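Two independent chains are provided; combine them into the complex using the hints.
Chain residues, written in single-letter form:
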Amino acid sequence: MVSASVNRAAQTVYTMWLREMIRFSRSKSRIIGALATPLFFLIILGAGFSSSFQVRGGGAFNTSYLAPGLIGMAVLFTSLMGGVSIIWDREFGFLKEILIAPVSRFFVALGKAIGGVTTAMIQGVLIMIIAWLIGVHYVSIWGVLAAIVIMFISGIGFMGLGIALASIIDSHEGFQMVMSFLTMPLVLLSGAFFPISNLPAWLKALVYANPLTYGVEALRYCLLGSSTIPVLLSVFVLLIFSTAMIVIGGKLFGVMRV
Amino acid sequence: MLYAIETKEITKHFDDITAVNKVSIFVKPGELFGLLGPNGAGKTTLIHMLSTMTEPSSGSAKVWGYDVALEPGSVRQNIGVVFQDTTLDDRLTGRENLDLHGRLYGLDGKTRKKRIEEVLSLVELADRADVLVKTYSGGMMRRLEIARGLMHHPHVLFLDEPTLGLDPQTRLHIWEYIKKLNKEEGVSIMLTTHYMEEADHLCNRIAIIDHGEIVALDTPESLKNMLGGDVITLELEKSDDISRLCEIYQKNGCANIVTEKMNEIFITVENGERQIPHILSLASTAGISIQAVSLRKPTLDDVFIHHTGRAIRDKEVSEIETVGYKIRSRRK
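As you go down the protein sequences, you meet chains A and B in turn. Quick note: the first sequence uses my numbering, first residue 1, plus one each step. Quick note: the second sequence uses my numbering, first residue 259, plus one each step.
Think of the hints as simulated: they come from the structure by calculation, not from any bench. Owing to the predicted nature of the structure, the values given are computational and were not obtained by experimental measurement.
Straight-line Cα separation of at most 30 angstroms, DSS-like style, residue types lysine-lysine; simulated pairs:
(1) B/Lys372 <-> B/Lys286
(2) B/Lys392 <-> B/Lys437
(3) B/Lys372 <-> B/Lys438
(4) B/Lys441 <-> B/Lys371
(5) B/Lys371 <-> A/Lys96
(6) B/Lys392 <-> B/Lys372
(7) B/Lys266 <-> B/Lys320
(8) B/Lys438 <-> B/Lys371
(9) B/Lys286 <-> A/Lys96
(10) B/Lys441 <-> B/Lys555
(11) B/Lys441 <-> A/Lys96
(12) B/Lys392 <-> A/Lys28
(13) A/Lys251 <-> A/Lys96
(14) B/Lys555 <-> B/Lys437
(15) B/Lys266 <-> B/Lys482
(16) B/Lys392 <-> B/Lys438
(17) A/Lys96 <-> B/Lys368
(18) A/Lys96 <-> B/Lys372
(19) B/Lys286 <-> B/Lys320
(20) B/Lys371 <-> A/Lys28
(21) A/Lys251 <-> B/Lys320
(22) B/Lys372 <-> B/Lys437
(23) B/Lys482 <-> B/Lys286
(24) A/Lys96 <-> B/Lys392
(25) B/Lys438 <-> B/Lys555
(26) B/Lys438 <-> A/Lys96
(27) B/Lys280 <-> A/Lys96
(28) B/Lys371 <-> B/Lys392
(29) B/Lys371 <-> B/Lys437
(30) B/Lys266 <-> B/Lys280
(31) B/Lys266 <-> A/Lys96
(32) B/Lys438 <-> B/Lys368
(33) A/Lys96 <-> B/Lys320
(34) B/Lys441 <-> B/Lys266
(35) A/Lys96 <-> A/Lys28
(36) B/Lys441 <-> B/Lys320
(37) B/Lys286 <-> B/Lys441
(38) B/Lys368 <-> B/Lys392
(39) B/Lys437 <-> A/Lys96
(40) B/Lys437 <-> B/Lys320
With the rest of the complex left out, here is chain B (with noise of 0.2 angstroms):
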């Protein structure tokens, strides 16, 4: 069987650091796959070496059956990509950054006409297609973009962090695009995110990648029912008591025990509407109180906790500033 995506132990090297570490990965044709981990996890250096952007240190990949070492040229005709950062020519319109693409990828002229008015209204951008790209705000860049990946018809069209400092609704939109026009055009699409919703809400199957690895790869479904059941939360008062209550939990039969925060423990329990009371007349007869109880069904980011002991989040806010100081510094 042809995959759309085929890798073989691919690693890559960067002086002392191995940004991805033998990663094998299986995505099938019309399959919309997402690479979820923290920001420096490398999945941007993976998506590059799928690409051709960058040459991988050892191991091997094919996309839509071409060899990315070997035959570049057709892997680069039957890829779209969209960077993460922006790679528009803002001093052209939408329709011209979209015509030079077509005539780069040898689409004849009525080609491209008839397929620039396909992908514009495929992202709704037909009426501000001839102004300049300056004058688009980040979601209508964003989806010129993705619009512009799709003009050469390709097979499989890679997304590097789609939504990365858009606002909520407009991140809602791109959302609906990705599903759109994977349904649609039936390309495959390999995404990477941070971001739990988007990852769970956009993909059919998921990969984990946490230092250049692949920690876990699966539906978001089963990522999510393999921890089973459902998540309690424990606020404690006092963070010196933490280890003691993992101890007498440990002891009492509950196995899948972590804690993120100074002073939280998070169990996942079958049935945990029925746990909670045991659990907290555990820790009351330890003498130990507790400040506040939640349960809910398992996120990714227990998925996640789970697999790597912490969470994606705390690097998220951080970053969102990086991000929004960085565009601001181009616009100068």
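Only chain A is shown next, with the shape it has when bound in the complex (with noise of 0.2 angstroms):
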């Protein structure tokens, strides 16, 4: 009875993980466009920015600084958008035939959370690639691995209070305004466009209440060698962060109304 239910489980997460990768594999243009973004970041900003700055306490301020916050900044999108995409499920009809299924919606949000958070990371590596191909040189292997760890652990957070949002939202302008209101502050207050270390203090107390800014530092540490904040720090909040949304997340999911 408990195999047979687990086996129940895994079953819904892998059938609700296996839509979000046969609908990403259909989306061609999605994928270009969400790589478009970071990539003109990388290669103009890097550019623009590594003759002009130099980092306080040595260290260029270049290519290779930004490459760890544009991955944190698609892992950011990719998954957050995922998880508002129950809103289009919504829409168009789709999510009764999910909710009518006799299946747990916990795991069913799970499911999509680890789809959306699969398409995610492969983004974020496809970005690590290219950073590599430019002539960004990341520490080790291992550093690399773990970065696609880092990876997974933010984008199920994001992911988790994606779900939660489209879960309270009822209409996709509301939605619109949130995500704009949402991302792109968490973006610019994330430490991915500059250090953290010697910030004003009002400007300090908000980069450090940001989620992404634990993500992006962890994968700084891994592909870098060195961090602002301690990793082991980073990764801790980022695990509470990620269980905490998730749970979040799969709870209004449970109750919401179609």
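Next up, the structure:
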């Protein structure tokens, strides 16, 4: 009985993941679009900044410095969007088909989350490879693998956040507004584009309250070998954030009305 | 005896509106049961309660022996539902939609593969199974949804307005599929409709529902026979005369008189052919001139008018327009 329900839960998670994968593989334009933004940042900002800035305390502020931030940004965008795509499922009716099935809604949400995170990780890895091709140097292969794990953990967190938002927002107009008020501040306040070691107090408070900061910092440590926030602290915060978000997202999705 | 569907005074309130009011229905296994009523009569709410989408406010219901409130999981495993609006993923192919459904209902790979072929051939979609649902026509999507609802061998199938917004030819096709699957798969079906012909053509028994209450429940034949005989329609020249004429007929022993429009009277009588001269002479004696007379066997429309005092048709046109608009706006 127990193994049957475990089996069923795994099947549910896999089914929802499979759907995301099939849809992802059909949306070539979405993949290219999602890669284009960070690429422009990487090439143009990287070249522009490195010619005029010098990070205090040594170390060039250049393309290498930007790479982890841009990976973090791609993971944020993709997983948040993946979470709120539930709004589209609701709009186009498919959500009813899932909710009428004899499966637990929590595992539906989890499957959806893992599916969305997989797409986020694929994009993160693609950016990582492209950055490497244009000359960013990573410290070790273990660092690269660890970075992929970090992408997964933070992706789950933002996915949970997206699912939670989708469950309480009932129109996609409202959703557009939330997205612009959420994604840009999260990215700008994350240290993706500037070092966070010597910030004014008010800005520092905001940056440290932002979960993406810890994702970007952890990535920076894994890929480049140094970070302002200790990597263990970053990972700890990320784990707490992701667990909390997926539980909240799963709960809100569970009580959502169609 | 086990009923496919069994409701006891099931009721649903939305704020201050009572959508379904103390409905008690028994549907036998293998039956094709219709809920007939105008838009907003409570049909969809009733189906939503029976398919565990909405909880009843009071009363209870069992589907295939399982209580909808206490054992929703078992109910879901035993039912298939085709909702009014499409619930397909249009970025997937027909086959993928069926496959995902099979997975969610716990079918293993071999069973899924076999069953997909079966349901596809039942609705004659095998040749279009591997193209994206986006490219399907409205009728094809409805067929695919019916096929999907059958994937997991449900005992009870709910069809909410299965032919809404489809053209007449496609509608006839869907009717054939519904009849076929009721017969070949032995599945009990509850369908809602506001098309009289649909209920009449398909259903073993019909419950006429209005304002959330069952006003009549029987086989289509018995419902029509209950009115007795034929329906004579009189069209008057002046609508002012209508109440006077009704009175005259009542005095002369015509029981079933209904006025639907301003200048029309429906009279239900036995042996209509022989009554027409008498009815016309009563009118001309009173000096009321009649423009047109027609005689026909009663339809479910007349049954509906008889029970509710209104025609179900009045709302239809505006509704089709809204549906068309809905489909258009979703395509954007």
